[in-house]
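Given next are the chains, with one letter for each unit.
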Amino acid sequence: MAATNPDNRGLRLVVRYAVLTLIAVIFIFPLLFMGMSSLKPDQQLLSDTSSLRAFLPVGDLSLDNYREAFARAPVGLFVFNSVLVTGATVLLSLAICSLAAFSFTFLEWKGRGVILSVILATLIIPFETIAIPLLLLVSKLPWIGLDGLEWGWLNSYRVQIIPWIADGLTIFLFVQYFKDLPRELIEAARVEGASWFQIYARVVMPLSGPVLATAAILKFLVMYNQYLWPLIVVQQESYRPVMVGLQYFFQLNIAWGEVMAYLTLITVPVLAFYLVLQRAFIASIASTGVKG
Amino acid sequence: MASKLTRSTGAGWAFALPGFGLIALFIIVPFFFAFGLSLTNQRLISPNPTEYVGFENYRDLLSLSVITLEPERDDSGAVIRDEDGEIEYPRVRTITRSDDFPQYRGMREWFRWQSGDTARVVVASDVVFMKALVNTLMFVLVVAPVQGALALVLALLINQKLRGINVYRAIYFMPVVVSIVVVSLLWRFIYDGNDGLLNNLLSAITFGGWQPVDWLGNPDTALGSIMAMSIWQAVGFHMVIWLSGLQTISPTLYEAADIEGASKWQTFRYVTWPGLRNTAVLVLIVITMQAFALFAQIDVMTNGGPLDSTQTVVFQAVERGYGKQDISGGSTISVILFLLVLTISLIQRWLTREK
Chain R
1 MAATNPDNRG
11 LRLVVRYAVL
21 TLIAVIFIFP
31 LLFMGMSSLK
41 PDQQLLSDTS
51 SLRAFLPVGD
61 LSLDNYREAF
71 ARAPVGLFVF
81 NSVLVTGATV
91 LLSLAICSLA
101 AFSFTFLEWK
111 GRGVILSVIL
121 ATLIIPFETI
131 AIPLLLLVSK
141 LPWIGLDGLE
151 WGWLNSYRVQ
161 IIPWIADGLT
171 IFLFVQYFKD
181 LPRELIEAAR
191 VEGASWFQIY
201 ARVVMPLSGP
211 VLATAAILKF
221 LVMYNQYLWP
231 LIVVQQESYR
241 PVMVGLQYFF
251 QLNIAWGEVM
261 AYLTLITVPV
271 LAFYLVLQRA
281 FIASIASTGV
291 KG
Chain D
293 MASKLTRSTG
303 AGWAFALPGF
313 GLIALFIIVP
323 FFFAFGLSLT
333 NQRLISPNPT
343 EYVGFENYRD
353 LLSLSVITLE
363 PERDDSGAVI
373 RDEDGEIEYP
383 RVRTITRSDD
393 FPQYRGMREW
403 FRWQSGDTAR
413 VVVASDVVFM
423 KALVNTLMFV
433 LVVAPVQGAL
443 ALVLALLINQ
453 KLRGINVYRA
463 IYFMPVVVSI
473 VVVSLLWRFI
483 YDGNDGLLNN
493 LLSAITFGGW
503 QPVDWLGNPD
513 TALGSIMAMS
523 IWQAVGFHMV
533 IWLSGLQTIS
543 PTLYEAADIE
553 GASKWQTFRY
563 VTWPGLRNTA
573 VLVLIVITMQ
583 AFALFAQIDV
593 MTNGGPLDST
603 QTVVFQAVER
613 GYGKQDISGG
623 STISVILFLL
633 VLTISLIQRW
643 LTREK
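Line by line, the protein sequences give chains R and D. The end of the first sequence is residue 292 by this note's numbering, with every number in the run present. The end of the second sequence is residue 647 by this note's numbering, with every number in the run present.
Next comes chain R alone, as it looks inside the complex:
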């Protein structure tokens, strides 16, 4: 048998690693190509594609592409917009969805079961099927701003933030997590006279690190990578996020070096964030599958 033959076992181990590595190359090569190309002038970038040089930091390397990308488009503004919209949505989502989930899990009130079922039922509605009616809706909504009452949310930060705060999946994740918390803790706090909000803020939230991380990561990925929604609700440059900003680089003759610089610039922070928090990212995705 294989197990009794050490040579055979060693060979099988090598084959296993070879297969794993080959697959890893398939997943990594486009990203490697992106990063390396962003450092090369267009001419070299194109000629390098015919050899392995495409994936190596060789030849005439510089940050010129980055400089030119900043000159072509207000890159800093796009990054600022994305960070603002993503950050605000993540924070508001964590607060509002956890509060709702707290109510669904620990409080008893009339209509609780029905409302929770309705929220969970929205999970089968893909965003793409409501984008167009939602576009009409937000174009008519009122808003009280610095200039008093105004109508229509198009071209703003709020139109990119508020519709994305609450969603069924986030509430579901919190409910699943809260269910496993010991109920005695809540009851003890109640007996001592704590208000419901105090219990939420001082007892439940401090115990919710893992689910807060999961919900934050999932929301972060959705928000930072937004494309369709900002594409249709934001026409003004001043509110555009990074993914829509890419359109500045679609020219008749695409300057690939600049494109690669821009892509690298908006991708590397996310990849770095992912590599540092790799376990948490993967656990987040895995938790969407549990008990689903």
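It is possible that some hints are incorrect.
The following label-pair restraints were derived from C-beta to C-beta distances [said to hold, decoys possible]:
id, chain 1, residue 1, chain 2, residue 2, range
1, R, Gly59, D, Ser555, 46 to 56 Å
2, R, Trp143, D, Ile639, 41 to 51 Å
3, D, Val358, R, Ile26, 40 to 50 Å
As a list, the in silico DMTMM-like pairs of lysine to aspartate or glutamate whose alpha-carbon atoms are at most 25 Å apart [stated by the list, open to error]:
id, chain 1, residue 1, chain 2, residue 2
4, D, Lys453, R, Asp7
5, R, Lys140, R, Glu150
6, R, Lys179, R, Glu192
7, D, Lys616, D, Glu343
8, D, Lys453, D, Glu547
9, D, Lys616, R, Asp7
10, R, Lys140, D, Glu611
11, R, Lys140, R, Glu237
12, D, Lys556, R, Glu150
13, D, Lys616, D, Asp352
14, R, Lys140, D, Glu343
15, D, Lys616, D, Glu401
If you only want the chain R side, here are some residues facing chain D, beta carbon under 10 Å, derived [to be verified]:
id, residue
16, Asn8
17, Gly10
18, Ile23
19, Leu31
20, Gly111
21, Thr267
None of these hints come from the bench; they were simulated from the model. Ideal Cβ positions, reconstructed from N, Cα and C, are used throughout, including at glycine.
For this one, chain R is given, so just place chain D on it according to the hints.
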């Protein structure tokens, strides 16, 4: 006693209201709006009042008909053929524009086939939308099983107890965190007909024997290329879901299988696969929903071309609802899309039901 402590209608509503209110306003209301708007002629901005038009939008999108064409004959009754020997038929336009056939008004030829001397022509009121429907269904029917299966294979590979396996897991998952917009633009370069990496790679493997293909510029390869890229980007996501399913299977079952002398395939077939039932249903439904939503890849890579070979339902919904500001048309497509997703999900549930 415990229930008294938790009974609190006021606080309950107050805590749930912000979350539920936002979901109601931004998901549930537009969802029902879509149905209502699809029966009107609503536009994003219009000086005219909105009118109820019944099912006109659905008819404009979905009407199909078959026209039978008799060959053109000369005075002796013989079939007329052109220089290539092909039978000549009257032009479809003469029928769809004729006052004698009001039922075909405004329709265009989608495709035709020949049976004997007669030709049957399928005409549609919206040929582009028909192509979008077919492309989207093709995309779902290919991507859902292929991506699901590949993700399972990766999960099984990653589930091995090997030193450094976490590094591989991290790499396989990496494209998932990269925006599909970024990925699409990158792959436009990979698929390029001249300097594309893929053509260069194939040419190197075949020692120059490869004829470069303009992957995205050719109607025969464009949709397939987008499928391959979409799978590459998202497969890591479902690998992780499979992996969490694999880890719920009790190790004692594997030990038992080992003692019984089960082969690797038998172990998979009788231990692993039954343990993954629920995960399988979830993975299939999630991929299906994501696949139906195909938009960004098309918008960045092909704009629906070449020759409408990559048109999709969501792309059409956006082109109408946003591009042409035809909210009612876009909403109608949204409703059709939702019904499609729902139908396919229910069929999948039924096929994978507990027997």
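Structure-based check of all given hints:
no.	hint	verdict
1	R/Gly59 - D/Ser555: 46 to 56 Å	holds (52 Å)
2	R/Trp143 - D/Ile639: 41 to 51 Å	holds (43 Å)
3	D/Val358 - R/Ile26: 40 to 50 Å	holds (45 Å)
4	D/Lys453 - R/Asp7	holds (19 Å)
5	R/Lys140 - R/Glu150	holds (10 Å)
6	R/Lys179 - R/Glu192	holds (22 Å)
7	D/Lys616 - D/Glu343	holds (18 Å)
8	D/Lys453 - D/Glu547	holds (15 Å)
9	D/Lys616 - R/Asp7	violated (68 Å)
10	R/Lys140 - D/Glu611	holds (21 Å)
11	R/Lys140 - R/Glu237	holds (21 Å)
12	D/Lys556 - R/Glu150	violated (67 Å)
13	D/Lys616 - D/Asp352	holds (16 Å)
14	R/Lys140 - D/Glu343	holds (18 Å)
15	D/Lys616 - D/Glu401	holds (23 Å)
16	Asn8	violated (16 Å)
17	Gly10	violated (13 Å)
18	Ile23	holds (7 Å)
19	Leu31	holds (7 Å)
20	Gly111	holds (8 Å)
21	Thr267	holds (5 Å)
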